[in-house]
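A.B. asks: The primary structure of each chain is shown beneath.
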Amino acid sequence: MKFTIFQESRIGRRKTNQDRLAHCYSRNALLMVLADGMGGHLHGEIAAHIAVQYMTNAFQREARPMLLDPSMFLSRELSQAHGAILDYALEKGLREAPRTTMVACVIQEGNAYWAHAGDSRLYLLRGGRVHLQTRDHSRVQLMMDQGLLDVRSAATHPDRNRVYSCLGGTHLPQIEFSHRTPLKVGDIIALCTDGVWGPMGGEGILRGLTAGGNPAITVPRLLSEAESAAGASCDNLSMIALDWHEDSGDIIPDAVSTQTMALSDFTTRMDSFQDMRPPANDMDLSDDEIETAIQEINAAIQKYSK
Amino acid sequence: MPSQVNCALPAGFLLDRYRIERQLSLGGFSIVYLAYDADGTPVAIKEYLPNSLALRKEGEIEPQVPDDNLPAFRYGMKCFFEEGRALARLLHPNVVRVLNFFRANGTVYMVMQFERGRTLHDYIQRHRGQVAERFIRNVFIRMLNGLREVHAHKLLHLDIKPSNIYLRADGTPVLLDFGAARQTLAQGQPMLKPMYTPGFASPEHYANRETLGPWSDIYSVGASMHACVVGTAPPRSDERTKEDTFTPLSKASNGNDGKYSVRLLELIDWCLLLDPLQRPQSVYTLQKELSQKPRRASAPPQSRFGDFLSRLKSTIGRS
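The listed protein sequences correspond, in order, to chains A and B.
For the first sequence, this note's numbering gives the first residue as 1, with consecutive numbering after it.
For the second sequence, this note's numbering gives the first residue as 1, with consecutive numbering after it.
Derived from the structure by calculation, the hints contain no laboratory data.
Worth double-checking, as some hints may not be accurate.
To be verified - Just a sample of chain A residues kept apart from chain B, beta carbon distances all over 10 Å, derived:
# : residue
1 : Leu90
2 : Asp250
3 : Ala255
As the list claims (entries may be wrong) - Partner residues aside, some chain A positions facing chain B, computed with beta carbon under 8 Å:
#  : residue
4  : Ile46
5  : Leu206
6  : Ser224
7  : Ser228
8  : Ala229
9  : Ser257
10 : Ala262
11 : Ile294
12 : Ile297
13 : Ala300
14 : Tyr304
A virtual CB, placed ideally from N, CA and C, is assigned to each residue, including glycine.
Input sequences plus hints: build the corresponding full structure.
C.D. replies: Pasting the structure below:
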């Protein structure tokens, strides 16, 4: 796999940042996950944190180096993440389980699969257009579907932040799944919270991410634009964007190629854990891992010498 | 731990299914041996043995790794594996071939095809000042085929120098010794800081490691060609960034008696620019330049910048 990826989260004008996001990849699979803890509820950021951490851990447990079934993975683990939030609430004796939106995307074997609950979005940009996007689980989206609202009035509707599906809380989440979507070289996948799509809209995100430069340049620029557009009431803003490259293409600065990663290796980036020390297993290499690495290299030698 | 010299395994030692003949080279991270397999085929075996972390004393087989160094030793091993994985996929006549990988004596070993011949370094020593332009062009065009393959696998060599370019008996070059300076080694691992051969490493090898790229290997290629022409490497690049004492070859006042074309000298100068962005950005660019018919040193000197622009234009125009 070859791609360029970047993620950033900003607090906006709020007191706390309740957005959490992470991406994680092995040699053959990649996970992007983003959650927006719900501010009206207690401990929104805890729900977002648990959900993102749960998904990342599950991915590292199962993508060795590939998931057996990405759709099943998303289905099972999103429900389990919901369960993990409820467990936390029980354990801490919280009166109400905290809630969070979630959007998660897995890429493997050149296909993308995603799932979401709530109003954090995924956009797939292709050929200079928004090719696919998730549909918010929100009241205003329902009203728009019924022809009761147009895009413009939805943007200012007083209930625009109300979602009817999320992880945590009292109801079971309604999780929506994508089809298996084959990626094309040049595709951009962006996951973002309403703090970004709210002020920018799909068109603004498309413009921002295709304006030239890799995600490490376009994402911060887009967030700054969203921040100034939102003004004094700016929500938390978070985005993960990925440019999909040709496997055998030219060297692209900052692009990640996973082909020399060990089969059991993971690279993980989770912003909210920045102050934590890198996990000890970054340095450690068990005897089993050494054996596996050697077997794997010899297998490659055999394979490529034919 | 103070720097130390590790002892090599003794001649005749039976290592896995190979018999050690002798030590070929000793680096900061490894020892390379000539050995024979059961069929009597010679192989080169590289032993992972970072000087700063592990010590093999005289007469011992298993190196000692102090507990404090164990994490770093294992981390370096990971990098050694990365090199193995990368090389295992590289099947190219101008890149050394990996044959096997195994574990013994508390460390790991990479078995490579043994190439007969000598290094470009030896060749330069023997033909000091007499290395023909045609020879330089031929060797480097082919060596660059191998380097292109390396870069296509998203790998940087980072230690290109005449002693890592092997010339087979038929004159074809082979690129050796990967991973002596793998990019991953330096990050946050002070004990594994790579050692470079002064003169052949680019400025970004020493600082700004995040800007390392194909252009860094290209600097080293330029320095290696410089060594062919002059007999020695250019001044160290980390010194050059402080005070640049390097006189571009195409501007050297003593001239080269028309032995080398201006075009070749300018190309070497181009590779040796301190600003990575000003150098040829890809191996392919360099190969195209090298495959141009040389013209003799009679062309009127152009301003360096103007010349660079015109070359840039012609490069863009061609691609």
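A.B. asks: Evaluate each hint against the coordinates.
C.D. replies: Against the structure, the hints come out as follows:
no.: 1; hint: Leu90; result: holds (38 Å)
no.: 2; hint: Asp250; result: violated (8 Å)
no.: 3; hint: Ala255; result: violated (8 Å)
no.: 4; hint: Ile46; result: violated (31 Å)
no.: 5; hint: Leu206; result: violated (29 Å)
no.: 6; hint: Ser224; result: violated (23 Å)
no.: 7; hint: Ser228; result: violated (29 Å)
no.: 8; hint: Ala229; result: violated (32 Å)
no.: 9; hint: Ser257; result: holds (4 Å)
no.: 10; hint: Ala262; result: holds (6 Å)
no.: 11; hint: Ile294; result: holds (5 Å)
no.: 12; hint: Ile297; result: holds (4 Å)
no.: 13; hint: Ala300; result: holds (4 Å)
no.: 14; hint: Tyr304; result: holds (5 Å)
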